[in-house]
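Please take these sequences and the hints and turn them into a complete structure.
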Amino acid sequence: MKALVALILLVQLPIHKAVPAAPPAPLGCDDPESEAAAEVAVNYINGHSHHGYKFALNRIEDIRVVPQGPNNEIIFLELDLLETKCPILSPTPLANCTVRSFAEHAVEGDCDVKMQKVDGTLSVLASKCHSHADSSEDIVKVCPDCPLLASLNNTEVLETVSAALNDYNSKTTGAYLRLLEIGRAKIQYHPGHIVVTEFAVGATNCSAEEAKANVGACQLLPEDQSNFGFCTGVMVKLPSQDLQVDCQLYGHQVPAPDIPFPSRPGVTYAHPGQDTSAGLAPSAVGVTNHNLGLFHNNPVASESSSSEILRSMLSAKSVTKRAVAEAAQHDKVPRPVGFVPLPPPCPGKIRHFDI
Numbered sequence: 001m002k003a004l005v006a007l008i009l010l011v012q013l014p015i016h017k018a019v020p021a022a023p024p025a026p027l028g029c030d031d032p033e034s035e036a037a038a039e040v041a042v043n044y045i046n047g048h049s050h051h052g053y054k055f056a057l058n059r060i061e062d063i064r065v066v067p068q069g070p071n072n073e074i075i076f077l078e079l080d081l082l083e084t085k086c087p088i089l090s091p092t093p094l095a096n097c098t099v100r101s102f103a104e105h106a107v108e109g110d111c112d113v114k115m116q117k118v119d120g121t122l123s124v125l126a127s128k129c130h131s132h133a134d135s136s137e138d139i140v141k142v143c144p145d146c147p148l149l150a151s152l153n154n155t156e157v158l159e160t161v162s163a164a165l166n167d168y169n170s171k172t173t174g175a176y177l178r179l180l181e182i183g184r185a186k187i188q189y190h191p192g193h194i195v196v197t198e199f200a201v202g203a204t205n206c207s208a209e210e211a212k213a214n215v216g217a218c219q220l221l222p223e224d225q226s227n228f229g230f231c232t233g234v235m236v237k238l239p240s241q242d243l244q245v246d247c248q249l250y251g252h253q254v255p256a257p258d259i260p261f262p263s264r265p266g267v268t269y270a271h272p273g274q275d276t277s278a279g280l281a282p283s284a285v286g287v288t289n290h291n292l293g294l295f296h297n298n299p300v301a302s303e304s305s306s307s308e309i310l311r312s313m314l315s316a317k318s319v320t321k322r323a324v325a326e327a328a329q330h331d332k333v334p335r336p337v338g339f340v341p342l343p344p345p346c347p348g349k350i351r352h353f354d355i
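According to full-length UniProt numbering, the sequence shown is numbered sequentially starting from 1.
Just to be clear, a hint being listed does not mean it is correct.
[To be verified] In silico lysine to aspartate or glutamate, EDC-like type, Cα no more than 16 Å apart, as pairs:
#1 Lys349 / Glu35
#2 Lys237 / Glu156
#3 Lys349 / Asp62
#4 Lys237 / Glu159
#5 Lys85 / Glu198
#6 Lys117 / Glu35
#7 Lys349 / Asp30
#8 Lys85 / Glu108
#9 Lys117 / Glu33
#10 Lys128 / Asp62
#11 Lys186 / Glu104
#12 Lys85 / Glu104
#13 Lys186 / Glu198
#14 Lys186 / Glu159
#15 Lys171 / Asp246
#16 Lys117 / Glu39
#17 Lys128 / Asp110
#18 Lys186 / Asp134
#19 Lys171 / Glu210
#20 Lys186 / Asp145
#21 Lys186 / Glu156
#22 Lys349 / Glu33
#23 Lys117 / Glu73
#24 Lys349 / Glu61
#25 Lys128 / Glu61
#26 Lys141 / Glu104
#27 Lys171 / Glu209
[Said to hold, decoys possible] Using C-beta positions, here's what the derived DEER-type ranges look like:
#28 Gln68 / Gln244: 54 to 60 Å
#29 Asp138 / Pro191: 20 to 26 Å
#30 Asn153 / Glu35: 35 to 41 Å
#31 Leu94 / Gly251: 17 to 23 Å
#32 Glu35 / Gly69: 20 to 26 Å
#33 Ile350 / Pro239: 37 to 43 Å
#34 Pro26 / Gln248: 42 to 48 Å
#35 Val236 / Ser123: 48 to 54 Å
For the record, the hints were derived by calculation from the structure and aren't laboratory data. Just so it is clear, the structure is predicted and the values come from calculations on it, not from any experiment. Built from N, CA and C at the ideal position, the CB exists for glycine as well.
Following this line, the structure appears as structure tokens:
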């Protein structure tokens, strides 16, 4: 009888099923973890860019995390970047680089980055970027008299760079400098006619005095002695004529271990048959800024993971669009008076300005 009562009591006990753990809340674009990932991504992008200037983070547009296993996840980032005043060759840390103001004709970069986080360590698997200058119309609306970006192969730009570099080499007691590339140029017509240029240079194995005898023999210093720098050249044409030039050499820099010398930022060597008189590759003719144009797969990443970046990005974006649409429908539900909705997790805050 006691056994029967015990059995009845057992049957009446509630059955507890294992409840699956709730998935972690999605990361917001301004969460510390998102910003840490973005910092690694931006450093990677600048480290693998070969031309122009360093870029700084302006906004995290979107982030998506895909768990891969214990302490292992794939992270997809969409980033908005802005060009800084630091040439890609400059040893100045990115944190100390000034972002160009809107009135200086800003250049924006858009990047998709695929990363992996294993045991708390972040690494970049692949990245794809492109950049573009803000429209001239937008600049004129805010600052009608501000100079606008000029084509890098504009005749006046080439004339100014050549005159400025020749002027510097004729006066220096140091090494003869050769042009690597023109980084940026602006032309102002009112109230004066002024051409402002910025260009990268490299020290050669000749002194400026030796170059006067045989400039053709002057070659860039070898890898273990390389010394690159940056110059600004300003030519005033009206109302009076004047030429100003200032050059800064950075000294020899040892490249990061994962960046082989031929791909080091800012260093472009001539190929047979290529006209480098202006320091420009043929693809740069007619453009006003060096396109960030980076599509890079990390060689230490697995081929399968790095080659899937575009398809994965498109998938992530479609999921995001669906989530935004669902959120919009949800927002139509009547809310009590005084209700203040939480800000959306993405996109994140704008750190500088929107263009």
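Hint by hint, here is what the structure shows:
no., hint, in the structure
1, Lys349 / Glu35, "11 Å, holds"
2, Lys237 / Glu156, "10 Å, holds"
3, Lys349 / Asp62, "11 Å, holds"
4, Lys237 / Glu159, "12 Å, holds"
5, Lys85 / Glu198, "10 Å, holds"
6, Lys117 / Glu35, "14 Å, holds"
7, Lys349 / Asp30, "7 Å, holds"
8, Lys85 / Glu108, "13 Å, holds"
9, Lys117 / Glu33, "11 Å, holds"
10, Lys128 / Asp62, "15 Å, holds"
11, Lys186 / Glu104, "9 Å, holds"
12, Lys85 / Glu104, "10 Å, holds"
13, Lys186 / Glu198, "9 Å, holds"
14, Lys186 / Glu159, "13 Å, holds"
15, Lys171 / Asp246, "12 Å, holds"
16, Lys117 / Glu39, "14 Å, holds"
17, Lys128 / Asp110, "8 Å, holds"
18, Lys186 / Asp134, "14 Å, holds"
19, Lys171 / Glu210, "13 Å, holds"
20, Lys186 / Asp145, "12 Å, holds"
21, Lys186 / Glu156, "10 Å, holds"
22, Lys349 / Glu33, "15 Å, holds"
23, Lys117 / Glu73, "5 Å, holds"
24, Lys349 / Glu61, "9 Å, holds"
25, Lys128 / Glu61, "15 Å, holds"
26, Lys141 / Glu104, "13 Å, holds"
27, Lys171 / Glu209, "9 Å, holds"
28, Gln68 / Gln244: 54 to 60 Å, "56 Å, holds"
29, Asp138 / Pro191: 20 to 26 Å, "22 Å, holds"
30, Asn153 / Glu35: 35 to 41 Å, "39 Å, holds"
31, Leu94 / Gly251: 17 to 23 Å, "19 Å, holds"
32, Glu35 / Gly69: 20 to 26 Å, "24 Å, holds"
33, Ile350 / Pro239: 37 to 43 Å, "40 Å, holds"
34, Pro26 / Gln248: 42 to 48 Å, "45 Å, holds"
35, Val236 / Ser123: 48 to 54 Å, "49 Å, holds"
The structure meets every hint from the earlier list without exception.
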